[in-house]
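Number of protein chains: 2
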Amino acid sequence: MYYQPEIETIKRSELQKLQVERLKRSIDIALHSPFYAKILGEKGITSDSISTVEDIRKLPFTTKADLREYYPFGLVATDMKNVVRLHSSSGTTGNPTVICHSQHDLDQWANRVARCMYMVGIRNTDVFQNTSGYGMFTGGLGFQYGAERLGALTVPAAAGNSLRQVKFITDFGTTAIHAIPSYATRLAEVLFECGIDPRKDTKLKTLIIGAEPHTEEQRKRIEELLGVKAYNSFGMSEMSGPGVAFECTYQNGLHLWEDCFLMEIIDPETLEPVPDGEIGELVLTTLDRDAMPLLRYRTRDLTRIIPGECPCGRTHRRIDRLKGRSDDMFIVKGVNIFPMQIEKILLQFKELGTNYLITIETIGNNDELMIDVELGELFTDDYSQLQQLTKEITHRLKDEILLTPKVKLVDRGSLPQSDGKAVRVKDLRKK
Amino acid sequence: MYYQPEIETIKRSELQKLQVERLKRSIDIALHSPFYAKILGEKGITSDSISTVEDIRKLPFTTKADLREYYPFGLVATDMKNVVRLHSSSGTTGNPTVICHSQHDLDQWANRVARCMYMVGIRNTDVFQNTSGYGMFTGGLGFQYGAERLGALTVPAAAGNSLRQVKFITDFGTTAIHAIPSYATRLAEVLFECGIDPRKDTKLKTLIIGAEPHTEEQRKRIEELLGVKAYNSFGMSEMSGPGVAFECTYQNGLHLWEDCFLMEIIDPETLEPVPDGEIGELVLTTLDRDAMPLLRYRTRDLTRIIPGECPCGRTHRRIDRLKGRSDDMFIVKGVNIFPMQIEKILLQFKELGTNYLITIETIGNNDELMIDVELGELFTDDYSQLQQLTKEITHRLKDEILLTPKVKLVDRGSLPQSDGKAVRVKDLRKK
Ligand SMILES: [Zn+2]
Ligand SMILES: [Zn+2]
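Here the protein sequences line up with chains A and B, keeping their order.
Residues 13 to 443 in the working numbering are what the first sequence spells out, letter by letter.
Residues 13 to 443 in the working numbering are what the second sequence spells out, letter by letter.
Hints are computed from structural coordinates only; laboratory data are not their basis.
Cβ atoms here follow ideal geometry from the backbone N, Cα and C, with glycine treated the same way.
Treat the hints with care, as some may be off.
[Stated by the list, open to error] Straight-line alpha carbon distances no greater than 20 Å define the calculated DMTMM-like cross-link-like pairs of lysine to aspartate or glutamate that follow:
1. K179(A) - E205(B)
2. K93(A) - E81(B)
3. K179(B) - E81(A)
4. K76(A) - E81(B)
5. K93(B) - D313(A)
[To be verified] Computed footprint of chain B on chain A, listed as stretches where at least three residues anywhere in the stretch have a Cβ under 8 Å from a Cβ of chain B:
6. 160 to 166
7. 176 to 188
8. 191 to 203
9. 394 to 404
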């Protein structure tokens with residue numbers, strides 16, 4: 013019912029036709045907002061400027077700073093009486109960002125979320141428990157509306173109160189859960205503490221995880237703990253919320269719904285597109301939002317397009333799980349590097365701990381990349397073994413970042429500890 | 013658009029026809045649930061047992077204890093695949109109560125809330141901020157869906173964070189708010205603390221207040237503080253949530269939507285109906301709920317039907333604001349008395365404080381009702397004035413409870429203080 017083969021497996025050429033049509037429509041609509049009237053007007057851009065998908069590059073970017081400057085309603089492209097909901101960020105620094113929705117927008121959003129959930133096997137016979145915060149958090153109402161549309165039995169548990177979550181899981185026979193990865197792990201702990209083995213004593217089979225960066229290893233661990241399949245979900249409030257990109261049952265990247273979003277991956281320095289398969293900043297244009305279209309919105313999220321076709325038959329391209337924020341990117345010898353790339357490799361070595369430090373320094377006339385990483389608790393101090401490990405790490409890092417770093421293994425506890433967000437990169441170059 | 017004169021001003025005779033038809037249908041549906049199959053089956057009751065509205069008295073009552081005993085799904089009357097949402101109480105003592113909804117139920121619930129909001133002048137040009145908790149609290153999703161259906165711009169602020177609520181009110185031009193009375197007062201305080209006079213510096217004009225008992229004096233004070241009209245809302249999760257009864261712009265009682273609920277007011281002791289206008293326990297039967305109809309549900313809420321017609325032209329009868337819980341009722345000399353009746357009268361005397369104590373004692377062969385009440389801070393100690401005041405209070409109380417109590421004015425601070433729920437009634441009678 014929420015599988016639409018004519019859209020999800022559409023031929024790329026047909027998809028591009030649809031995208032051009034919807035892009036032109038979105039520009040027509042956007043021109044009714046003060047912000048786009050100004051910035052598109054200055055460049056003389058109208059829907060007539062677009063005849064292919066690539067023509068989107070004629071448009072200027074939209075940034076979070078623009079949303080803040082035109083706070084609260086300067087990007088709204090319709091009469092306010094057509095707006096039926098807004099979602100506001102918490103805005104801890106400066107003005108919050110506000111996204112406005114028409115009834116059409118909420119409908120399409122719910123349809124998209126229903127499509128994602130259907131794709132991973134959730135049906136009207138499932139019991140879906142949503143542990144996201146409700147209210148302004150788009151993960152709450154977003155999944156609520158989508159799951160209701162699908163006809164699942166929704167349990168709007170909202171965030172917190174793990175014992176109550178556990179009671180819901182067991183008493184209502186919950187089969188599918190939406191949670192951030194760390195909370196999914198926490199729930200597993202509480203279940204076991206209550207003497208409930210989630211693999212045998214519950215009906216859990218599907219977990220939707222999003223919002224928080226996590227590795228493939230973490231996913232596997234959560235899947236084993238809870239006895240579920242865990243699927244990555246990508247969304248952001250600027251793009252309505254959840255339902256932007258989602259993994260299919262092959263778990264090999266997230267299909268981004270290209271009938272609703274036009275995707276670009278750009279180099280955050282040059283702002284030019286990167287070749288397919290390379291990491292860059294995700295830029296999204298809404299193709300089916302009426303109250304407040306966003307054109308070429310710089311998400312600051314880093315990802316890459318996964319080349320090739322997905323065995324599921326869907327033609328919407330897949331993005332890789334997020335690689336961090338573009339603000340974290342640094343450039344060494346002309347190569348863009350993201351801390352997440354390095355972290356991903358280091359995490360693959362069981363011999364290593366979790367603490368590391370990236371240093372970039374000018375030595376002579378060259379910029380050098382150095383990576384200090386702590387050893388794990390029980391690893392040997394046999395010199396040849398350490399040397400062999402160093403060599404292997406260096407090799408694997410070079411494969412990933414196309415640059416040979418100087419890797420140094422250090423004792424556990426010898427790198428600076430930090431609470432919360434660790435400072436992982438020290439740039440000591442002369443500017 | 014959400015004013016339906018053909019329903020809201022329907023002739024009473026037509027309304028009763030509709031009620032009979034819907035009651036029969038609800039019984040047919042309910043018989044599919046294990047609970048009603050059993051308790052209706054035992055009495056041989058089917059929809060054929062009903063030919064007039066009064067025939068509802070053939071049915072047994074349903075209580076919260078029944079919901080708990082048949083937890084979680086024993087009252088569900090449809091295939092679980094048709095259930096799209098449940099709301100669960102927190103269940104601090106014993107099993108929670110769980111209410112299940114089909115898509116039809118959610119639709120009708122949203123329509124009802126939209127009808128209430130439209131009735132007090134809220135339109136698609138309004139900005140509606142909901143300060144209710146979301147998730148399992150029915151005031152969150154209930155008002156969210158209703159207000160969206162009406163086309164208002166909804167601001168799903170959810171509970172707490174008053175400074176952020178104030179920012180939303182001013183930045184988004186909020187015109188209508190849903191809040192419990194104490195939180196509305198709190199918001200007014202915070203607005204003034206921020207240097208914002210809600211009467212001049214905001215667009216607030218409508219307040220929806222519910223869930224918490226409050227007096228007419230409190231309503232008036234909140235209206236003056238915020239510069240709004242405040243309307244009483246009545247709902248409970250067992251009856252889906254908000255949208256059961258609501259005040260019209262005449263603010264003279266709450267129209268209970270009799271196309272969706274069949275109302276009885278009973279004596280909680282004898283379980284017989286009380287005469288129109290007298291206080292008793294509200295008993296409700298859902299007439300338009302498919303997943304989980306409730307028949308003759310004892311709400312434990314005390315109210316009365318306000319006799320006469322409302323100038324607004326709506327024919328659905330009005331209930332008075334809640335008078336407390338039927339569990340609080342006590343009987344003296346064959347008269348049912350509720351503490352709220354006494355409190356209401358005492359609060360009308362500016363000379364009095366807020367602390368009082370009701371004592372019932374057997375003196376000789378008679379039960380006597382005694383009311384000790386503290387004087388206010390600045391009141392005189394002139395004997396004749398005190399005597400005059402005592403006389404007047406006694407007189408007004410007799411009018412209300414049809415019994416002459418012994419009233420004693422006492423010094424401020426001389427009655428036992430209590431944190432939270434005050435113990436207001438001491439029953440010292442020999443049983
Ligand atoms: Zn796929
Ligand atoms: Zn009226």
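Going through the hints against the structure:
Proposed proximity of K179(A) and E205(B) is contradicted: the alpha carbons are some 42 Å apart, above 20 Å. Taken as a hint, the K93(A) and E81(B) pair is broken in the structure, with Cα atoms around 47 Å apart against an allowance of 20 Å. Proximity of K179(B) to E81(A) is assessed by CA-CA distance (about 16 Å); at most 20 Å being required, the pair is judged to hold. With a CA separation close to 53 Å, the supplied pair K76(A) and E81(B) exceeds the 20 Å bound.
A distance of roughly 38 Å separates the Cα atoms of K93(B) and D313(A); the hinted pair therefore is violated under the 20 Å criterion. Check result for the segment 160 to 166 of chain A against chain B: holds, 5 residues qualifying (beta carbon to beta carbon below 8 Å, three or more required). With a cut-off of 8 Å between beta carbons, the segment 176 to 188 of chain A has 4 residues touching chain B; three or more are needed, and the interface restraint holds. For the segment 191 to 203 of chain A, the proposed coverage by chain B is not satisfied: 0 residues have a C-beta within less than 8 Å of a C-beta in that chain, short of the threshold of three.
Taking a C-beta to C-beta cut-off of 8 Å, the segment 394 to 404 of chain A contributes 0 residues in contact with chain B, too few for the three needed, and the coverage statement is violated.
Of the numbered hints given earlier, the model fails hints 1, 2, 4, 5, 8, 9; all others are met.
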